[in-house]
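Enquirer: Position 99 (the sequence shown) corresponds to 99 in this note's numbering; numbering is contiguous.
No wet-lab data here; the hints were simulated from the structure. From the three backbone atoms N, C-alpha and C, an ideal C-beta is built for every residue, glycine too. It is possible that some hints are incorrect.
In silico lysine-lysine, DSSO-like type, Cα no more than 27 Å apart, as pairs [said to hold, decoys possible]: (1) K140 to K300; (2) K338 to K173; (3) K240 to K44; (4) K109 to K383; (5) K238 to K109; (6) K175 to K230; (7) K42 to K173; (8) K190 to K109; (9) K294 to K228; (10) K230 to K240; (11) K109 to K300; (12) K44 to K137; (13) K338 to K44; (14) K144 to K338; (15) K338 to K383; (16) K383 to K142; (17) K109 to K137; (18) K140 to K338; (19) K228 to K238; (20) K190 to K175; (21) K105 to K230; (22) K137 to K173.
Computed spacing ranges between beta-carbons, pair by pair [what the hints assert, rightly or not]: (23) M149 to K44: 34 to 44 Å; (24) I191 to K294: 52 to 62 Å; (25) P186 to L239: 38 to 48 Å; (26) A161 to N224: 18 to 28 Å; (27) M388 to D248: 55 to 65 Å; (28) M388 to A153: 44 to 54 Å.
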Amino acid sequence: PTQISEEGKGKTLASKSPAKKVKGRNVNITIGKGGKTGGNIKPKILMVFTRQLATLIDSGLPLLRSLTVLGKQEPNPTLKATIGSLADSVQGGSTFSESLAQHPKMFNKLYVNMVKAGELGGVLEVVLNRLAEYQEKAQKLKNKIVSAMVYPAIVMFIAVAILIFLMVFIVPKFKEMFTESDSELPLISKIVFGFSEFCLARPLFLPNVVWVFVGVGLLYAGFNAIGKTKGGRQVIDKLKLNLPIFGDIQRKSAVSRFSRTLGTLVTSGVPILQALNITRDTAGNVIISDAISKVHEAVKEGESIVTPLSSSGVFPNMVISMVDVGEETGQLPEMLLKVADVYDDEVDNAVTALTSILEPVMIVILALVVGAVVFALFLPLIKMISTMSEQ
């Protein structure tokens, strides 16, 4: 059954789960120096560390010895130094979760609280395996979304780069040639030559094409600055969820993340209120976070999770129905993980479908842009050759 308890009222773990010592001898930890402890590292590196630690502990190796082994072979200097600090702290009598909490930039609340629950239940290796699985699936989901966003961005960048090259270096030479001939230019050629003139014009020391990039950079910086305010963040996150095509992927990703985080925490023994707080803090979207806050308040008052989820307007009906069934049958954590698996598959299918559509569309757009410029350049040339042949 799901535990409900007030945050901040749990017992400390030092007495419950003392650090394991290597029997028979004192451990001299000389993992190495040179890195900064507790800094940021890539999620993939942390994921590998978690999986390796779970494997070592699961095979019967004590925690302290496992940390020593991993520390000696770790190539990343930041993680290597942090593992050394963790080993020192554990050897000094702290629990593993207390040691992890000293490095909040590397180990977030989800990580620390899951380890804490594993220590209390005496199933640290099980929780670490769950944590590694959670990180692997979260990373896989993130990679899918990034791949869907990056492809069109790369194609657009190439299209813009080719267009600028043509406008700055190629078009002016053709324009000069046609100006000398005094022949009437087609409309498409006039548009292309006019755009080239605009790109090369220097109203303020630099060409307009440079000022366009400066403007885009300032717009991006302003967008980020607005995103750091509470109101701006709400507007941007709401926009992300409601964007055509991409919004559906963002929404499904957010639902999957919510379900997997909450399900993994509760399955590992973290009390539901504390699990909701951690899920809210790691949601990655203010709209989702606000909905989780309402769920937290409802559960705190002894109410069902379903009502605030339904009233938020964020979660699909299928999710609400599955959560409702999970609550009624006492299998909420398992049902949440099933929801996460379903939406992981939906994100995968949506990204695959989107990529298959975007690839030909972006290629056609690139061909049209370059083709239009080439057509505008060679049409007057063809007319000139035709006129000369008639004479």
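Enquirer: Could you work out which of the previously given hints the structure breaks and list their numbers from low to high?
Expert: Hints 1, 2, 4, 6, 7, 8, 15, 16, 22 and 23 are the ones this structure does not satisfy, whereas the remaining hints hold.
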